[in-house]
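Trainee: Residue strings, one per chain:
Number of protein chains: 2
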Amino acid sequence: MAERTVFFVSDQTGVTVETLGHSLLTQFDKVEFNLITVPFVDSLGKAEQVTERINRTASQSGLRPIVFTSFVQDEVRAPLLSCNGLVLDFFEAFLTKIEKELKSQSSHTLGKAHGMQDTTSYNSRIDAMNFAMDADDGRTTQQYDRADVIMTGVSRSGKTPTCVYMALQYGIFAANYPLTEDNLEVDQLPDTLVPFREKLYGLTISPERLRQIRLGRWSVGRYASAEQVNLELRAAEMLFKRHNIPYIDTTHCSIEEIASTILNEMGVERHLLL
Amino acid sequence: MAERTVFFVSDQTGVTVETLGHSLLTQFDKVEFNLITVPFVDSLGKAEQVTERINRTASQSGLRPIVFTSFVQDEVRAPLLSCNGLVLDFFEAFLTKIEKELKSQSSHTLGKAHGMQDTTSYNSRIDAMNFAMDADDGRTTQQYDRADVIMTGVSRSGKTPTCVYMALQYGIFAANYPLTEDNLEVDQLPDTLVPFREKLYGLTISPERLRQIRLGRWSVGRYASAEQVNLELRAAEMLFKRHNIPYIDTTHCSIEEIASTILNEMGVERHLLL
Numbered sequence: 250m251a252e253r254t255v256f257f258v259s260d261q262t263g264v265t266v267e268t269l270g271h272s273l274l275t276q277f278d279k280v281e282f283n284l285i286t287v288p289f290v291d292s293l294g295k296a297e298q299v300t301e302r303i304n305r306t307a308s309q310s311g312l313r314p315i316v317f318t319s320f321v322q323d324e325v326r327a328p329l330l331s332c333n334g335l336v337l338d339f340f341e342a343f344l345t346k347i348e349k350e351l352k353s354q355s356s357h358t359l360g361k362a363h364g365m366q367d368t369t370s371y372n373s374r375i376d377a378m379n380f381a382m383d384a385d386d387g388r389t390t391q392q393y394d395r396a397d398v399i400m401t402g403v404s405r406s407g408k409t410p411t412c413v414y415m416a417l418q419y420g421i422f423a424a425n426y427p428l429t430e431d432n433l434e435v436d437q438l439p440d441t442l443v444p445f446r447e448k449l450y451g452l453t454i455s456p457e458r459l460r461q462i463r464l465g466r467w468s469v470g471r472y473a474s475a476e477q478v479n480l481e482l483r484a485a486e487m488l489f490k491r492h493n494i495p496y497i498d499t500t501h502c503s504i505e506e507i508a509s510t511i512l513n514e515m516g517v518e519r520h521l522l523l
Numbered sequence: 250m251a252e253r254t255v256f257f258v259s260d261q262t263g264v265t266v267e268t269l270g271h272s273l274l275t276q277f278d279k280v281e282f283n284l285i286t287v288p289f290v291d292s293l294g295k296a297e298q299v300t301e302r303i304n305r306t307a308s309q310s311g312l313r314p315i316v317f318t319s320f321v322q323d324e325v326r327a328p329l330l331s332c333n334g335l336v337l338d339f340f341e342a343f344l345t346k347i348e349k350e351l352k353s354q355s356s357h358t359l360g361k362a363h364g365m366q367d368t369t370s371y372n373s374r375i376d377a378m379n380f381a382m383d384a385d386d387g388r389t390t391q392q393y394d395r396a397d398v399i400m401t402g403v404s405r406s407g408k409t410p411t412c413v414y415m416a417l418q419y420g421i422f423a424a425n426y427p428l429t430e431d432n433l434e435v436d437q438l439p440d441t442l443v444p445f446r447e448k449l450y451g452l453t454i455s456p457e458r459l460r461q462i463r464l465g466r467w468s469v470g471r472y473a474s475a476e477q478v479n480l481e482l483r484a485a486e487m488l489f490k491r492h493n494i495p496y497i498d499t500t501h502c503s504i505e506e507i508a509s510t511i512l513n514e515m516g517v518e519r520h521l522l523l
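Protein chains in written order, with this note's numbering: chain A, 250 to 523; chain B, 250 to 523.
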């Protein structure tokens with residue numbers, strides 16, 4: 250099937266419109282898409298350039314591109330409205346309805362989403378990020394009283410990406426503590442973790458997937474052997490069960506799914522800090 | 250003004266609906282919002298529970314909540330349609346138009362966005378994340394030939410969060426190399442960076458903001474002194490200019506803005522890997 254070109258056009262970073270478009274396009278698995286993001290289209294001149302590019306693509310491919318737009322400034326969007334593509338504008342679709350409901354005009358100002366209007370929330374995002382980096386892989390455990398959640402599990406079960414994602418997305422203070430062979434052999438919760446049992450959440454994964462990940466990282470040695478991987482995972486799951494630590498199998502989960510599940514089950518509030 | 254409650258409801262992680270709703274709400278700066286995300290509403294029973302919660306909020310506050318939804322499964326959304334709130338559904342608003350344009354039915358399957366359907370793109374995201382962590386703060390420089398971009402700048406100018414964001418969001422291989430006093434004194438590009446000049450992007454920041462950030466981290470010593478901060482920043486900017494390294498002032502930029510600007514200017518393609 251011919252590839253369909255999709256443009257994400259914004260007068261800001263384009264992050265919102267990419268997210269929207271991506272979420273919709275994943276519902277069409279029989280179509281091949283060629284995705285192009287054009288951010289910072291904040292002048293009439295730039296809007297005309299993108300319009301020409303869209304029209305050129307349309308005539309070259311013989312297929313109208315799909316054009317997702319989010320323009321805070323209506324006047325800049327104008328040239329795009331007459332382009333030879335299916336234009337889907339995110340703000341237009343919803344803003345009027347919300348204005349009516351709130352009996353309040355929208356401000357139509359740039360840099361609100363994914364900008365740095367709110368220094369407090371921006372700072373707390375960076376603080377959370379520093380916390381995740383400092384507390385990665387059990388590096389510093391002194392600050393665990395500040396943690397919203399402490400993830401634990403064997404090496405390469407998905408702890409680090411999940412912690413960093415929670416920090417960047419929600420400003421959540423997430424630490425992670427690796428379960429090493431020493432911990433697992435004694436079948437006891439590491440002393441460091443005992444006072445923070447309520448904050449613990451376990452990560453497990455299938456032995457096959459874990460081997461695959463570990464092999465990709467260090468291809469030799471016991472670390473990625475079937476025996477070792479089985480042993481560690483069995484011991485970790487026993488530890489979670491014995492100490493009533495909730496846990497999730499990350500084998501078929503994306504980072505977003507792991508993070509959403511953990512926050513949901515632990516009742517940790519999440520607020521986007523974009 | 251009375252606070253307006255906003256629900257983000259999804260049969261999946263809720264990440265898309267949060268991002269989109271957030272982007273719209275930031276345009277209403279005169280209204281206070283109370284934000285509640287309810288993910289994984291994947292059964293009629295759960296949908297009825299949320300509907301009751303929305304109705305309770307409406308009657309208690311005397312204000313209809315705004316309800317952003319993204320339901321892949323239409324039948325699960327049904328109860329919400331009769332709730333006492335302004336329901337704005339992202340899929341409904343755009344899917345039909347796209348179906349018509351593509352002459353293709355959407356699949357209405359769960360776990361497409363923010364799921365793990367595509368193992369290849371998921372793996373490349375984790376690879377990029379590992380790369381960012383391994384290559385953070387100049388730790389390993391051997392793999393710079395694999396980097397899409399190498400950020401450089403003084404300590405706390407915003408390198409690490411930007412690298413990690415690029416990895417998580419787009420699977421981009423971003424390394425960062427700190428400019429230390431030793432590098433800056435000699436006013437030469439560090440030897441390690443010379444072969445990779447084309448991949449370099451500089452980060453700078455205002456002395457006031459840098460002091461503020463450094464004070465928040467280590468409150469004592471020369472590191473956060475006005476003199477030291479001024480000296481480092483002046484030397485770093487001179488280095489960027491002398492070696493024709495493009496750079497961005499991150500003082501008033503969010504992580505998304507820094508990342509979007511760099512990728513845009515360097516012509517690095519970005520594809521969401523959610």
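The set of hints was computed from the structure by calculation and includes no laboratory data. Where a beta carbon is used, it is the ideal one built from N, C-alpha and C, also for glycine. Please note that a few of the clues may not be correct.
[Stated by the list, open to error] Derived contacts from chain B toward chain A, CB cut-off under 10 Å, selection only:
no.: 1; residue: L269
no.: 2; residue: Q276
no.: 3; residue: L284
no.: 4; residue: I375
no.: 5; residue: N379
no.: 6; residue: Y393
no.: 7; residue: G407
no.: 8; residue: T441
no.: 9; residue: F445
no.: 10; residue: S455
no.: 11; residue: L521
Trainee: Could you check if S455 of chain B really has its C-beta closer than 10 Å to a C-beta on chain A?
Mentor: 13 Å, violated
Trainee: Per the CB criterion, is N379 of chain B less than 10 Å away from chain A?
Mentor: 7 Å, holds
Trainee: Return the status of the interface hint for T441 of chain B: holds when the least beta-carbon distance to chain A is below 10 Å, violated otherwise.
Mentor: At 22 Å from the nearest chain A Cβ, T441 of chain B fails the 10 Å test, so the hint is violated.
Trainee: With a cut-off of 10 Å, does the beta carbon of F445 of chain B approach a beta carbon of chain A closely enough for the hint to hold?
Mentor: Cβ of F445 of chain B sits 24 Å from chain A, so the hint is violated.
Trainee: When the nearest CB of chain A is found for G407 of chain B, is that gap smaller than 10 Å?
Mentor: Cβ of G407 of chain B sits 8 Å from chain A, so the hint holds.
Trainee: Is the shortest C-beta separation between L269 of chain B and chain A less than 10 Å?
Mentor: With a minimum Cβ separation of about 6 Å from chain A (threshold 10 Å), the hint on L269 of chain B holds.
Trainee: Against chain A, with CB atoms and a cut of 10 Å, does the hint on L284 of chain B hold up?
Mentor: 6 Å, holds
Trainee: Less than 10 Å between beta-carbons is the criterion; does L521 of chain B satisfy it with respect to chain A?
Mentor: 5 Å, holds
Trainee: Identify whether the interface hint at Q276 of chain B stands, where standing means a beta carbon of chain A within less than 10 Å of its own.
Mentor: 4 Å, holds
Trainee: With chain A as the partner, please determine if Y393 of chain B meets the hint condition of a C-beta pair closer than 10 Å.
Mentor: 19 Å, violated
Trainee: I375 of chain B was flagged as interface toward chain A. Is the shortest Cβ-Cβ separation under 10 Å?
Mentor: Since chain A brings a Cβ to about 6 Å from I375 of chain B, closer than 10 Å, the hint holds.
Checked against the numbered hints given earlier, the structure breaks hints 6, 8, 9 and 10 and satisfies all the rest.
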